[in-house]
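Chain by chain, the residues run as shown.
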Amino acid sequence: MKKLINLFFVAALVFWNLAPFLWQWVTSLKDPARVSQLPPIWPAPVDFKNYQAVLSNEPFMHVIGNSLVVSLGATLVSLAVGSLGAFGICRLLKKGKEGVLLALLVVFMIPPVAVVTPFFELLGSLHLRDSLLGLILVYSVFTVPPAVWVMYQVFDELPGSLYHAARVDGCGHWRMFWRIYLPAGRTGLVSAGLLNLIFCWNEFLFALTFTSTWQARTVPVGISLFSGQFVYPWGEISAAGAIVTLPILAIVLLGNNYLVRGLAGGVKG
Amino acid sequence: MDLAVTEGEFLVILGASGGGKTTLLNLIAGLLAPGSGQILFAGKDVTDAGVAERNVAYVFQDYALYPHMTVAGNLRFPLENFRLPRAEIETRVQDTLDMLKLMPVKDHYPAQLSGGQKQRVAIGRALVRDPFVFLFDEPLSSLDQQLREHLRIELKQLHRQIGKTFIYVTHDQTSAMILGDRIAFLDDKKIRQIAAPEELYQKPGNVAVAKFLGFPSINLLSREDFRSLTQSEAPQAAAQIGVRPEHLRIVENAGGRFAIEWLQEVGYARYANFKVGGKSFCGKCDNRNVEAGRKIRIDVDERGLLFFDAGGSRIPFNET
Numbered sequence: 021m022k023k024l025i026n027l028f029f030v031a032a033l034v035f036w037n038l039a040p041f042l043w044q045w046v047t048s049l050k051d052p053a054r055v056s057q058l059p060p061i062w063p064a065p066v067d068f069k070n071y072q073a074v075l076s077n078e079p080f081m082h083v084i085g086n087s088l089v090v091s092l093g094a095t096l097v098s099l100a101v102g103s104l105g106a107f108g109i110c111r112l113l114k115k116g117k118e119g120v121l122l123a124l125l126v127v128f129m130i131p132p133v134a135v136v137t138p139f140f141e142l143l144g145s146l147h148l149r150d151s152l153l154g155l156i157l158v159y160s161v162f163t164v165p166p167a168v169w170v171m172y173q174v175f176d177e178l179p180g181s182l183y184h185a186a187r188v189d190g191c192g193h194w195r196m197f198w199r200i201y202l203p204a205g206r207t208g209l210v211s212a213g214l215l216n217l218i219f220c221w222n223e224f225l226f227a228l229t230f231t232s233t234w235q236a237r238t239v240p241v242g243i244s245l246f247s248g249q250f251v252y253p254w255g256e257i258s259a260a261g262a263i264v265t266l267p268i269l270a271i272v273l274l275g276n277n278y279l280v281r282g283l284a285g286g287v288k289g
Numbered sequence: 016m017d018l019a020v021t022e023g024e025f026l027v028i029l030g031a032s033g034g035g036k037t038t039l040l041n042l043i044a045g046l047l048a049p050g051s052g053q054i055l056f057a058g059k060d061v062t063d064a065g066v067a068e069r070n071v072a073y074v075f076q077d078y079a080l081y082p083h084m085t086v087a088g089n090l091r092f093p094l095e096n097f098r099l100p101r102a103e104i105e106t107r108v109q110d111t112l113d114m115l116k117l118m119p120v121k122d123h124y125p126a127q128l129s130g131g132q133k134q135r136v137a138i139g140r141a142l143v144r145d146p147f148v149f150l151f152d153e154p155l156s157s158l159d160q161q162l163r164e165h166l167r168i169e170l171k172q173l174h175r176q177i178g179k180t181f182i183y184v185t186h187d188q189t190s191a192m193i194l195g196d197r198i199a200f201l202d203d204k205k206i207r208q209i210a211a212p213e214e215l216y217q218k219p220g221n222v223a224v225a226k227f228l229g230f231p232s233i234n235l236l237s238r239e240d241f242r243s244l245t246q247s248e249a250p251q252a253a254a255q256i257g258v259r260p261e262h263l264r265i266v267e268n269a270g271g272r273f274a275i276e277w278l279q280e281v282g283y284a285r286y287a288n289f290k291v292g293g294k295s296f297c298g299k300c301d302n303r304n305v306e307a308g309r310k311i312r313i314d315v316d317e318r319g320l321l322f323f324d325a326g327g328s329r330i331p332f333n334e335t
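So the protein sequences, as listed, match chains G and W.
Taking my numbering, the leading residue of the first sequence gets 21, the next gets one more, and so forth.
Taking my numbering, the leading residue of the second sequence gets 16, the next gets one more, and so forth.
Rather than coming from a laboratory, the hints here were simulated on the basis of the structure.
Given the structure is predicted, the values throughout are model-derived calculations rather than measurements.
Honestly, I wouldn't trust all of these hints.
Said to hold, decoys possible - DSS-like, lysine-lysine: derived pairs with alpha carbons at most 30 Å apart:
#, chain 1, residue 1, chain 2, residue 2
1, G, Lys-115, W, Lys-204
2, W, Lys-294, W, Lys-226
3, G, Lys-114, W, Lys-204
4, W, Lys-290, W, Lys-218
5, W, Lys-116, W, Lys-133
6, W, Lys-204, W, Lys-179
7, W, Lys-299, W, Lys-218
8, W, Lys-205, W, Lys-226
9, G, Lys-114, W, Lys-205
The following block holds chain G by itself, in its conformation from the complex (with noise of 0.2 Å):
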């Protein structure tokens, strides 16, 4: 008896999490007139005309190539400095450990909001509004200090032996970071890597403050423009939204090991 109740609850939850989604998708398959319809049943006949109104939409492409840019470039500057700076924290620095962490985190744990204004300031005198690079710089603030704290643990796990070791073997710094720190913590690096990579691709707040055209736009606040004459294209929206969760979830469900390991802080072995 205990275990239907059990099976109920975790259904419900499922069901709760995931009814958007499904109505999302089921919505996206339907002819644009049926859109509205409700119940959310399954189409038939099942019709990928929002899909393909999607694809050929050009600016939304190019949103698209936008996203990956910025996503991408943001957690390669977070990887890089993240890894260094953790290095430099765990192994080079004797006193201060903490204080260095802890200013990290304050300033990861700023609210967004918070920043925007003096931001926006700041894009416009360095001429970088409505520009990727702007948004690489932007995300870039709040990408490092995870980095930095999943780097920090994976690499104070290593025993201190493997350290003496190394500089016994003649290592000099550089090479100890290169040669050891870094291939013995890659596992770290594609945790940190996929939170922050996670992190980018939905940024809304500055996304849209800081853009203010289809050059340098990305999906979250491209797919909330998304307007048709006179209504809501729900069924082309719906495929968008479709087309760009579908990396996030690939992403998700391959890498769901290190993603908890980045989040429970700490990788063994």
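Since chain G is already given, all that's left is putting chain W on it; use the hints.
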């Protein structure tokens, strides 16, 4: 402290945990800098030299193998750091793999190796560089008995084969006795005695040394306890008399003055504890059939008596 290591010897630094053994090893390696004093390698002052310059090899307690490199990779790494020509690196790696019989696992990763193989890779990494001295930090302490014995012998044979200076740190007296050409006993950051194993065991210079070596532990008697046990002489200055259990023969005797409290059976011998003056002492049983509670007499082997003065130093007495 003053320590002079003979070239090519297997020196063991023995002491209880926390006594400063690893610190000493790190000072020799260059991982720590001394506050004062000098460190000389074959007459050359290396006190200010960095780790890499000193050309020492260090085998850690947990081996510290590079987890993301294969066995061959682990051996190659130190040579790459010292920028040797590619061909020479390969030759040396091959030779070392051969010597340590690691060819079958040369492309394996550390996680796939057994304890013994890991130790050999750690040693190989040291060997490949042809260092001035080999330093070992208790590499056997985390292994089970059988493996430990096996690797001890391999280590000793290796030393004979290579002929280089080995400095080995441990708190395990058995390993120390078996491996060392000489043992330096470290107690409270001072070297109490450096001598060959037998001498350390039979002629300890100090109570600390005497207490550390030997199983079961040496008995330390006060003058009164000694009087009640035997008629033998003790020098005037002796405050404590040490007798190892194997020099106190326990013989079952209905009229004996002592009784067995409890037994320690170790398979090849039986030791028993008895009380003298309220304190418990240990002796070796003559007859394996003795039981707890039986009355016994104690025969003291005078050749095994060790006399210590009030400061803990041994007083030579009646020595041949």
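Status of each hint after checking the structure:
1. G/Lys-115 to W/Lys-204: Roughly 27 Å between the alpha carbons, so the hint for G/Lys-115 and W/Lys-204 holds.
2. W/Lys-294 to W/Lys-226: holds (17 Å)
3. G/Lys-114 to W/Lys-204: holds (26 Å)
4. W/Lys-290 to W/Lys-218: holds (26 Å)
5. W/Lys-116 to W/Lys-133: holds (12 Å)
6. W/Lys-204 to W/Lys-179: holds (26 Å)
7. W/Lys-299 to W/Lys-218: Judged against 30 Å, a Cα distance of about 20 Å means the pair holds.
8. W/Lys-205 to W/Lys-226: Given that 30 Å is the threshold and the Cα spacing comes to 16 Å, the pair holds.
9. G/Lys-114 to W/Lys-205: Roughly 29 Å between the alpha carbons, so the hint for G/Lys-114 and W/Lys-205 holds.
Checked against the numbered hints listed earlier, the structure breaks none of them; every hint is satisfied.
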